[in-house]
Structure formats: C-alpha cells, structure tokens
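Enquirer: Given the structure of chain E, go ahead and fit chain U onto it with the hints provided.
As a plain string of letters, each chain reads:
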Amino acid sequence: MLTVRIIPCLDVKDGQVVKGVRFQNLRDAGSPAELARLYEEQGADELVLLDISATQEGRAARLSTVEAVRRELSIPLTVGGGIQSLHDVQSLLEHGADRVSVNTAAVLRPQLVDEMASRFGTQCTVVAMDVRQETEGRFRVVVRSGTRETERDAQDWAREIESRGAGEILLTSMDRDGTRDGYDLELLRTITSVVAIPVIASGGAAGPEHLVDAVRAGASAVLAASLFHDSDYTVSQVKQSLLQQEVEVRS
Amino acid sequence: MNQPIYITRTETANVASLIAAFERLGHSCVVSADPFTLETAQRVVLPGVGTFAAAREALRESEADRALSARLSAKRATLAICLGFQLLFESSDESPGVTGLGHVPGHFERFPATERVPHLGWNRVWGSSFESADGSVYFANSYRLVTPPAGWDAAYCDYGGRFVAAVQRGPVLGCQFHPELSGRVGREWLRGWLSMAMEENTC
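Listed in order, the protein sequences are those of chains E and U.
Everything in the first sequence is counted per the working numbering, starting at 37 for the first residue and increasing by one.
Everything in the second sequence is counted per the working numbering, starting at 4 for the first residue and increasing by one.
Treat the hints as calculated values from the structure; they're not laboratory data.
Heads up, a few of these hints could be off.
[Said to hold, decoys possible] Chain U stretches covered by chain E per the calculated footprint, using a threshold of three residues with CB under 8 Å from any CB of chain E: (1) 14-24; (2) 113-122; (3) 182-192.
Heads up, the beta-carbon is just placed ideally off N, CA and C, and yes, glycines get one too.
Chain E with its partners taken away, still in its complex shape (with noise of 0.2 Å):
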C-alpha cells in the first residue's frame, strides 16, 4: 500500500539550512548537501528544500545549492522560493529538483499554476498555501514568508488551485511554526477535506505523536523541519513510533 512520506524540510538562506540547527552530531551542520545524506540515510521518503530569501530578493531559488543536494540524493526533491516563471521550473528540474513548489506568485498569477500542469505534469506541480487561522473555522493565506495578508480563503484557494492542475498541497501552518504544539489538525481537516489531491502536513511538529494525528486528520504526508535538524528525533526513530501506531510506512 502507498505509505505516509516523511520529509525532512531545508529552509535555506545564504546557502545555509537555518531553523534552530544545533551542532552536535554532525560536522558541519548546517550545509544542505551534508543533511541531505544524512536524512536519506535515516529513511527520509523525500526532502523539500525551501530557499526562503529568495522572494524577498526578487530571484529564484539558488542553483547551486540544488545541485549540490541532488549530487546526495537518491530520493525525490521539492524545491520551492521565489520560483515565478516556467522558465524558473524548467531549470530547477534540469540541475536536480523533482517537482517544483510555488506559493506567492500563484496568489499573485494564478495561472502559473495552469501553466505548470500542463507543460511539467500535475504530479510535478506543488502549491504551497502559507495559512493563519482568523475566526474559529475560517482561514486566511498569507504570502511573502508570511509577512502580507491575503484577501483569499484557505479552503476556497485549496479548491482553485486543486482545479487549475496542482498536484499536492503543502499546508503551512503559521499559527503553529516552530511553537512544538503540534500540527494545527483542524487546518488539515478544513482543507484535506474539500481537495481530492494529496496534502502535506507543515507547522509545528515537536514529535511523533504529532505526526500520527497529522495522518489521521488526512494528511498524506508530514513534513518537519526543527524535528529533525535538533536531532530530538531521527527519522527512523519516528518511523518506528508511526509503524507502533499502525501508521504504515517505508522501512
């Protein structure tokens, strides 16, 4: 049967994975390529790499830094950051991304989102929807790292994008990022609930246990970040607490 992926997230700025990574157990922490291998060798089931400067400097993400990741993974790669064109897609997968993860300017055109599809397929399509809770039930996509508010509904854009072709929702939580309380379940819900496509869970995991509510709110995929680069869990570590759970996945 398909299994939960877990994917170990590199937000990258300047070259560097930056998040609370703590030195211990790894020379030279902090550089993509090395957690990269490091997270394949663990298990990981794929890995997004987010170059979260890029938006704000007006350019794509980093070439160089995805290359340098590809050349250590045998696993699939989402790369995601300032991307706008698809000629920015293009030469993301020709130097070792998979599939191509778009936030802001699908809000600001959405019809990239069609683009994408129809040229890259819908499988190498992924909005990413950056979301913060308003009223009870209600939520809001904010772009821009999180820094504008949008006037888009978070269940209304999951069903547009759904529409024009995205082949995966990758659901930041900003509620929830980095506060260690968990996903925000009732998010996963709201939207896992009204796409048919598969939804990455993001935003707030401290441990196991989060993840397993994670996919029992419907998400086919967890994703985490400070998890991992704290080294509090290793991902085999959190596949054997899922696999005790009865959530299946890759061993």
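Expert: For chain U alone, kept in the frame of chain E given last:
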C-alpha cells in the same frame, strides 16, 4: 565499450536526478534530441515528467518518436520512465485522441475517484524479474495500466486495485515508477537494466 547513456531531451524532465543516479553507478550521461543518436546509441533513456500530449508533441517535433520506435523494434537497450513508460503504449485517458509510440499494446486509465490522485509516494512492487529489486519504489502518476501486455514480463503494484508497475522484454524496460528516485531499491532496478543492456551487446 563504455559509451555514455543517452537521455532523450524533452525539456520537461528531471534530467539532473537521472544523471546523478547513473553517475553513482559509474556511468556518464549525455542529453540528446538527435534522432540518429537516439536510434543507434547503445543505451537510451526516455525520461518522464510532463503530460502525455505535450511530451508526445515534443517527440514528434524533434523526430525523436521515429528514432525511438526504430530502436525499440531493433530491441536496443531502452529504459522508459513514468510518462516515458506510458508513451511506449497506445493511448491514455489523460489525452484522448493522442496516440503514443504504440510499441506495446495498452491504454492508461485514471485511478478511481476513491483514492487521492496523483498516486504520489512509495509503494511496494512485486513480480520483478530482478530478485534484488524487491521493495518499495517512488511513484508519481495519475494514470495506470491495468492489463499487462502479452509477451512482456510484468511487475505489479496496488492502489485502488492492481496495476502494472513495470514491463520488460530483453533489454527494453519500462517503469511506471522513478527508479532514479527510489533509493537503494531503485539502484537495483537501474543495475538490472544496465546488466541486461550489457548482455545484449555481447551477443
């Protein structure tokens, strides 16, 4: 002897991942759209990211379609991946009215609406002719082949019902999944294909 592996240029594929996978196995790669090269080279890969209609049109424009058909008929070592695998066949629900290379009889249908689509992630494959290649591999597909073609060895997977994960005849291997993204198990599939390609050449 050690000719590079030629990867068919489609402008939409994840070529760096393929190249990295073959380099790890000690082989160099060249990306090419040249029909003569694609017809006659020792080993050719038809990669797959894109849509059935768009990829078919790109192959027609570069005349790679006739070259690939000729090399397949001549039973030269060819590896077709994901959409490339689907293009070996006749047609797909994804693009009604568009015909594939038609080297193998078969039609692709969309996964049933009971499942989340695309079928995205790691799933177990069985029935492989390479014993070392048992295990889970990485898929990213919305369409599937249900009936295995006669005269081909087939491997299977299950997602809302059984479907064909790979077909093989001599040195021609088609994989619905991505061996270049399937870690250790994927490496065994690539090794298996390379060794079949080798056997054919020494005959």
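Enquirer: Hints first: check each against the structure and report whether it holds.
Expert: For each hint, the structure was consulted:
1. 14-24: This one holds; 9 residues, not fewer than the three required, reach chain E with a Cβ under 8 Å.
2. 113-122: holds (count 5)
3. 182-192: holds (count 7)
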